[in-house]
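Colleague: Listed below, chain by chain, are the residues.
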Amino acid sequence: MVRRTIVRATVVTALAASLSLMGTLPGQAKVEEFRIVEAGGKSGESIEKGYITPFTEKTGIKVVRENPNPLGKLKAMVESGNITVPLYELGSTSMAIAEAAGMLEPLDWEAIDPDPMFDEAKKPYGFGYQYYSTLLAWRADAKPLKTWADFFDVEAFPGKRTLPDNFTLAIPMALLADGVEPDKLYPLDLDRAFKKLNELKAHIAVWWTAGAQPPQLLQDNEVQYAASYSGRVAGMPGIEMTYNQGLLDLAYFVVPKGADPEEKAAAMKLLHEMSVAENQAKAAEIVSYTGPSPKLDALLPKDRLAEFPTTEQNKGGQALSQPTWWAENRDKVERRWQEFKLGM
Amino acid sequence: MTGAAKRVPAEAGYVLPLLVLMLVVFVAPILLMLARSFTHPEPTLAHYRALFETAVYLRILGRTMEIAAITTGLCILLGYPLAYWMRSLSPERQVIAATLVVLPFWISILVRTYAWIVVLGNAGVVNRMLQEIGVITAPISFLYNELGVIIGTTNVLLPFLVLPLFAAMLKIDERLLQAAASLGAPPRTIFWRVFFPLSLPALAAGAILVFILTFGFYITPAVLGGGRVPMVANALDLLINQFARWEAAAALSAVLLVVTLACFALSRWIGARAAQ
Chain A
4 MVRRTIVRAT VVTALAASLS LMGTLPGQAK VEEFRIVEAG GKSGESIEKG
54 YITPFTEKTG IKVVRENPNP LGKLKAMVES GNITVPLYEL GSTSMAIAEA
104 AGMLEPLDWE AIDPDPMFDE AKKPYGFGYQ YYSTLLAWRA DAKPLKTWAD
154 FFDVEAFPGK RTLPDNFTLA IPMALLADGV EPDKLYPLDL DRAFKKLNEL
204 KAHIAVWWTA GAQPPQLLQD NEVQYAASYS GRVAGMPGIE MTYNQGLLDL
254 AYFVVPKGAD PEEKAAAMKL LHEMSVAENQ AKAAEIVSYT GPSPKLDALL
304 PKDRLAEFPT TEQNKGGQAL SQPTWWAENR DKVERRWQEF KLGM
Chain B
25 MTGAAKRVPA EAGYVLPLLV LMLVVFVAPI LLMLARSFTH PEPTLAHYRA
75 LFETAVYLRI LGRTMEIAAI TTGLCILLGY PLAYWMRSLS PERQVIAATL
125 VVLPFWISIL VRTYAWIVVL GNAGVVNRML QEIGVITAPI SFLYNELGVI
175 IGTTNVLLPF LVLPLFAAML KIDERLLQAA ASLGAPPRTI FWRVFFPLSL
225 PALAAGAILV FILTFGFYIT PAVLGGGRVP MVANALDLLI NQFARWEAAA
275 ALSAVLLVVT LACFALSRWI GARAAQ
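Protein chains in written order, with our numbering: chain A, 4 to 347; chain B, 25 to 300.
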C-alpha cells in the first residue's frame with residue numbers, strides 16, 4: 004500500500020518537474036526581459052536611472068538588476084553552464100583574471116555602435132562604463148590630508164585609519180605613500196609596499212569590504228582617516244576628500260561565455276545607451292562617477308565639478324590601474340597579503 | 025543488535041522521498057565539492073600539501089581554534105550559573121526565564137551583530153557611558169579585534185549551551201540531592217560530588233556544540249572583526265568569492281569538516297560513557 008503511494012507520488016513529482024522545465028527552455032522567439040549583475044547600491048540606482056530607463060523606453064525590453072558581483076559567482080555560472088545573465092559587472096582586475104581564465108565572450112562592438120568613447124573603456128571583452136576613484140577622505144574636524152604619505156604618517160596626522168581589504172588598492176597606496184611616482188608604480192615593488200603597510204598596521208582600525216563602510220566609519224568617528232570610493236563620500240556633510248593621488252579605475256560590463264545569443268544582442272543595445280553622454284550625465288546625478296564619453300564634462304553640473312573623477316582638474320593627479328600585471332601576478336601577491344594580514 | 029534481521033516498518037517508506045531529496049540537494053553537492061580538492065585538475069594531493077605547507081592557513085586554523093576555545097570557556101562560565109539559577113525557580117518563572125533566553129533568536133543574527141557595533145563602538149553606548157562617569161578618558165577599542173569577536177560570538181551562542189543544559193538539569197532527580205543531604209553532606213559537597221557530575225554530559229555536549237559552531241562561524245567574526253580577525257570561514261569566503269581558488273577552498277573545507285566530525289564523535293563518546 005505504501006509502495007503504491009510512493010510510486011504515485013514520484014511519478015507526479017517527475018511530471019511536474021519536467022513541465023516546469025519546459026517553460027524555461029532557451030531559444031524562445033523574442034527577448035522581453037533580461038537580467039544583469041552589477042555592484043548594487045547607489046551605483047546600481049545610477050544604472051537604472053541613467054541607462055535602463057531610456058533603453059526600456061526605446062525597445063520595450065525590461066532589465067532586472069541583480070547584485071552583488073563577486074568574481075566567484077561568475078565562475079560558478081560559467082562552469083555550471085547555466086548562464087542566467089548576458090551582462091556582468093567586473094572591476095578591471097577581475098575582468099583581466101576572467102579573460103585569462105576563458106570565462107568571457109568578446110563584445111559585439113558593431114552591434115553596440117557606440118558614441119565616441121575614451122580608448123581605455125573600449126576593450127574587446129569589456130565595456131568600461133564607469134570611472135571611479137579610490138581616494139583620501141577624512142572627517143571635517145581632523146587635520147586635512149594632501150597625499151598618501153600624509154595618510155601613512157601617524158605622528159603628524161594622529162587618528163585611526165581604514166583601508167580597503169583589497170590588495171589591488173592597498174599596495175599601490177602604500178607605494179605612493181613611500182614616494183613612488185604615480186606613473187612608475189608598475190611593476191609593483193612588493194617588499195617596499197609591505198614594509199610600509201606593516202608600519203601602519205597597528206593604526207588601521209578596520210579593513211573595509213563594502214563601499215558603504217568608509218563614510219559610515221568616518222561619521223561614527225570609528226576612524227578619522229579613510230581610503231574610500233569617490234562616489235560614496237563626494238558631497239557628504241562632515242567629510243572631506245581630495246582627488247590628489249587618487250587611484251583611478253574603470254568598471255566594465257562583460258559577457259559570460261555561453262550567454263544566450265538573443266539576450267546578448269539585446270544587451271548590446273543597452274551598452275549603446277551607456278555610451279551616450281546625456282545618459283551618463285543622468286547617471287552622474289545619482290552617484291558622482293563618470294561615464295566614458297569625452298563630451299561628458301560639458302554636461303556635468305558646474306557647481307559639483309570637483310566631485311567627479313575624470314574632469315580636467317581631477318584626472319591629472321591620479322594613478323591608473325594596470326589589470327594585465329595583476330592577472331599575471333595575483334597569486335603571488337595574494338599569498339603575501341594573507342601572511343601580512345595574519346601578522347607574519 | 026539482535027541476531028535476527030530488523031524489520032523495516034512500512035512507514036519508513038514515507039521518509040524515502042525526503043531522504044532522496046537530501047541526498048541529491050545536500051549531500052551530493054558537498055561530496056562533489058570536496059572531491060574537487062582531490063581531483064582537480066588531475067588526481068592529486070597537491071592542494072592539501074599547499075594548504076599545510078603555507079603557514080598562513082595553519083595559523084588561521086590555530087587562531088580559529090583559540091577563539092573557539094575562549095568562546096566555549098566563556099559560555100560555560102556564564103551559561104552554567106544561569107542554567108543552575110533557572111532550575112531553582114518556580115515552574116512559572118522557569119517558563120519566563122526560558123523565553124527570555126530564547127528571545128534573541130527572534131531577531132535576525134545580522135541585526136544583532138550590527139547592534140553590537142552601536143553598543144561597543146568608539147562613539148557607542150558603553151564608551152560614552154564610561155567616559156561620562158569618568159572611568160576612562162579615551163574610548164576603549166572593543167570592536168574590530170578578537171575581543172569584539174569573542175563578545176559577539178559568546179552572546180549569539182550562549183543559548184545553545186544554556187537550553188540543553190537547563191533541560192538536563194531539570195531531569196536530575198531531586199531525591200538524589202535530598203538523599204545526600206540526609207546522609208550529612210554540606211551544600212557545597214552536594215553540588216560538586218552529586219549534582220555537577222550528573223550535569224557533566226549535558227555540559228560537555230553543549231560545550232562541544234558551541235565549539236563546533238564557533239569554529240565554522242562566519243557572519244559575526246566578519247562584521248565585528250573588521251577584517252582583522254581572519255577565521256576559517258572568512259578565509260573560505262576570500263578563496264571562493266574573491267580569488268576564485270576553489271580547489272584550495274575545497275581542501276580547507278575538508279579540514280573544517282574533519283575537525284567538526286571529530287568533535288561530534290567526541291561528544292557521542294562522552295554521551296555513551298555517561299549512559300553507562
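Do not take every clue at face value.
What the hints assert, rightly or not - Here are a few chain B residues that face chain A, going by a calculated C-beta distance under 10 Å:
id	residue
1	Tyr81
2	Ile84
3	Ala139
4	Val142
5	Ile160
6	Thr161
7	Pro163
8	Leu262
No lab work stands behind these hints: they were computed from the structure.
In this text, a Cβ means the ideal position worked out from N, Cα and C, and glycines have one as well.
Colleague: For each hint, tell me whether it holds in the structure or not.
Modeller: Hints versus structure:
Proximity of Tyr81 (chain B) to chain A holds as hinted, the smallest CB-CB distance being about 8 Å (cut-off 10 Å). Because the beta carbon of Ile84 (chain B) sits about 7 Å from the nearest beta carbon in chain A, less than 10 Å, this interface hint is met. Because the beta carbon of Ala139 (chain B) sits about 14 Å from the nearest beta carbon in chain A, more than 10 Å, this interface hint is broken. Annotation: Val142 (chain B) was flagged as interfacial toward chain A, and the flag holds, the nearest CB pair being 9 Å apart, inside 10 Å.
This hint is violated: Ile160 (chain B) has a C-beta 16 Å from the nearest C-beta of chain A, more than the 10 Å allowed. Nearest Cβ of chain A to the Cβ of Thr161 (chain B): about 15 Å, over the 10 Å cut. The hint is violated. At a threshold of 10 Å, the smallest CB-CB gap from Pro163 (chain B) to chain A is about 9 Å, leaving the interface hint in force. A distance limit of 10 Å between C-beta atoms decides the matter here; for Leu262 (chain B) the minimum to chain A is near 8 Å, and the interface restraint holds.
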